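K.L.:
Here is how the chains run, residue by residue.
Number of protein chains: 2
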Amino acid sequence: MAGCTTSAQDAADPLPSWNDTASRKAIIGFVTNVTRQGGTDFVPVSERIATFDNDGTLWGEQPIYVQGAFAFDRVKALASQHPEWTQTQPFKGVLEGDMKAVAASGEKGLLEIIGATHAGNTTEEFETIVRDWIGTARHPTTKRLYTEMVYQPMLEVLMYLRANGFKTFIVSGGGVEFMRPWAERVYGIPREQVIGSRIKVTYEPRNGRPVLLRLPEADFIDDHAGKPVGIHQVIGRRPIAAFGNSDGDFEMLEWTTSARGPRFGLIVHHTDAKREWAYDRASHIGTLMRALDEAPAHGWTIVDMQRDWKVIYPVQR
Amino acid sequence: MAGCTTSAQDAADPLPSWNDTASRKAIIGFVTNVTRQGGTDFVPVSERIATFDNDGTLWGEQPIYVQGAFAFDRVKALASQHPEWTQTQPFKGVLEGDMKAVAASGEKGLLEIIGATHAGNTTEEFETIVRDWIGTARHPTTKRLYTEMVYQPMLEVLMYLRANGFKTFIVSGGGVEFMRPWAERVYGIPREQVIGSRIKVTYEPRNGRPVLLRLPEADFIDDHAGKPVGIHQVIGRRPIAAFGNSDGDFEMLEWTTSARGPRFGLIVHHTDAKREWAYDRASHIGTLMRALDEAPAHGWTIVDMQRDWKVIYPVQR
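Quick mapping for you: the protein sequence lines, in order, are chains A and B.
All residue numbers for the first sequence refer to the working numbering, where the first residue is 285 and numbers rise by one.
All residue numbers for the second sequence refer to the working numbering, where the first residue is 285 and numbers rise by one.
Hints were generated in silico from the structure; no laboratory data involved.
All figures in this text were calculated on a predicted structure; none of them were measured in a lab.
Take these hints with a grain of salt, some might be off.
Any copy will do: because identical chains look the same in the list, a pair fits if it lies in one copy or spans two.
Only pairs whose alpha carbons sit at most 20 Å apart, straight line, appear in this in silico EDC-like list of lysine to aspartate or glutamate [said to hold, decoys possible]:
#1 558 <-> 391
#2 384 <-> 468
#3 392 <-> 297
#4 484 <-> 501
#5 484 <-> 357
#6 594 <-> 560
#7 427 <-> 304
#8 392 <-> 408
#9 384 <-> 416
#10 484 <-> 368
#11 427 <-> 578
#12 392 <-> 556
#13 484 <-> 503
#14 484 <-> 577
#15 484 <-> 564
#16 384 <-> 304
#17 427 <-> 564
#18 484 <-> 416
#19 384 <-> 432
#20 427 <-> 331
#21 484 <-> 396
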């Protein structure tokens, strides 16, 4: 999918799925500016770091995060080994499709679901589970594979930046090990450029056939102020461009754009109830309030999906 | 320094500072093998990950770790702001050059020194301090800049691997923020490919001019079993080649070489008392015992510095 725009198209128009609005002009203006040899805003290749949130920025996040759908499917797949789950929340709610009961179990319930579905196996076992699931699971209403619900205009931005010497990173609140198995194939982003939330892993030698065992304990939450921290841990330099869609991305954009030199921040505003979803302030997923209000003061570009994007998803093959 | 071998030399001999011994043959054999198109051991570029310990593997670590020398110099630089240090260990010991007193303060003393010299400032302030120090500080006996005490034969290995499509990473027990300011210039390894121990940082907005503040608290220790964990956190794939020099690298080499497919492990054995230092089992720094004993069973290459290396350090300019 990452390769579906031909290089001939690239030369003619690097962003063919974008209408010719202010957002498109801002992206192209920034990239032209920082790559102009001898220009005052020229940025050397080593400093061309761009970070992208994933859920709601590179792919859809409604009606629930894709990783949530994965966790629920895992509960169902594992239920036969846990007969007690038919009587215990939040598992009972998941098995009966009673989302109110799941929600009522709160953060404690969420952690129990993560512990039961994301831990207790090796990193290689978990990777196989994710790979198998992402290859077949489909969105409840669009019936597309989730990897076919990535945003075509954003794929073009990723390719355009890389064609101009940028290293593109994912910086997501989602689990890093949930994204790595497919990020390269879908986004062209290699595993070592995926930053996300982590659970603890421990090294077990197992008689010379060592494994990394996934523990039911959070190690790092890559959201809000965690995003600049995660960027610092893994990349060790400040991005010059950051792309997000919710208040969870506020600090990443603030960190990126508050330094000297040319900087670019972009917020994907979900405004297209017909082709995708329309939500911002009142949404429980991808809440966008502070970042929307403060974007103008920071000079951030706000993408209006309905107006700015010719298509949402890649053409299905 | 990373560019001091010309490409003409590369073509003729990628490892000109290596004698033509088994170690050199093993390195070249491995690289030839995994890059041979259509060969059974061919490894795609995306999987060509090589990890290098730093202290004792890429540069010297005697008589104390370079970062230790940095910390002691910082104590001296900060002493005028801390008159109480002339009366309190371990600071008193550092100021008086009484290493026995410093050692007697144990791990608690070490943590106090780290807290006093490595924390309480922003990441940008700390970077400036490291840059200034590394640009001028010299080794007590060789009088070289520490960055001139990197191993020329290992610089050639780094370049040779990269010329063959490898991504080279540092995976060190040392502090990641102590290495990043100079790793690209000295080793050709960009900041985002440096993995090390971390202290906690916290994001402080400071009225729209945010900083990352360094806290006096360990976040991650990248040594022993921490090395495969750090590799997993940051790279997310298993290396196919790993280079170390001490038992702190054992798990990294074990993790790297215990998977299927072509794998390469190498231990730098410090055997050259005349040109560098000779130490292994009994040394407090860079203790090498288990990894030396078990290397043959794992098929790891053991470099004998005295025999295998024509030169130790780069020619001084």
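K.L.:
Give a verdict on every hint.
P.N.:
Cross-check of the supplied hints:
1. 558 <-> 391: neither (32 Å within a copy, 62 Å between copies)
2. 384 <-> 468: Neither, since 35 Å and 52 Å both go past 20 Å.
3. 392 <-> 297: neither (49 Å within a copy, 60 Å between copies)
4. 484 <-> 501: Both, since 6 Å and 18 Å are each at most 20 Å.
5. 484 <-> 357: neither (22 Å within a copy, 35 Å between copies)
6. 594 <-> 560: within (12 Å within a copy, 65 Å between copies)
7. 427 <-> 304: neither (30 Å within a copy, 61 Å between copies)
8. 392 <-> 408: Neither, since 27 Å and 38 Å both go past 20 Å.
9. 384 <-> 416: Neither: 28 Å inside a chain and 58 Å across chains, both beyond 20 Å.
10. 484 <-> 368: neither (26 Å within a copy, 40 Å between copies)
11. 427 <-> 578: neither (36 Å within a copy, 54 Å between copies)
12. 392 <-> 556: The answer is neither: 34 Å in one copy and 58 Å across copies each exceed 20 Å.
13. 484 <-> 503: both (5 Å within a copy, 12 Å between copies)
14. 484 <-> 577: neither (36 Å within a copy, 31 Å between copies)
15. 484 <-> 564: neither (32 Å within a copy, 33 Å between copies)
16. 384 <-> 304: neither (43 Å within a copy, 70 Å between copies)
17. 427 <-> 564: neither (24 Å within a copy, 61 Å between copies)
18. 484 <-> 416: Neither, since 23 Å and 36 Å both go past 20 Å.
19. 384 <-> 432: Intra 28 Å, inter 64 Å, cutoff 20 Å: neither.
20. 427 <-> 331: Neither, since 40 Å and 33 Å both go past 20 Å.
21. 484 <-> 396: Result: close within a single copy only, 15 Å intra versus 27 Å inter.
Of the numbered hints given earlier, the model fails hints 1, 2, 3, 5, 7, 8, 9, 10, 11, 12, 14, 15, 16, 17, 18, 19 and 20; all others are met.
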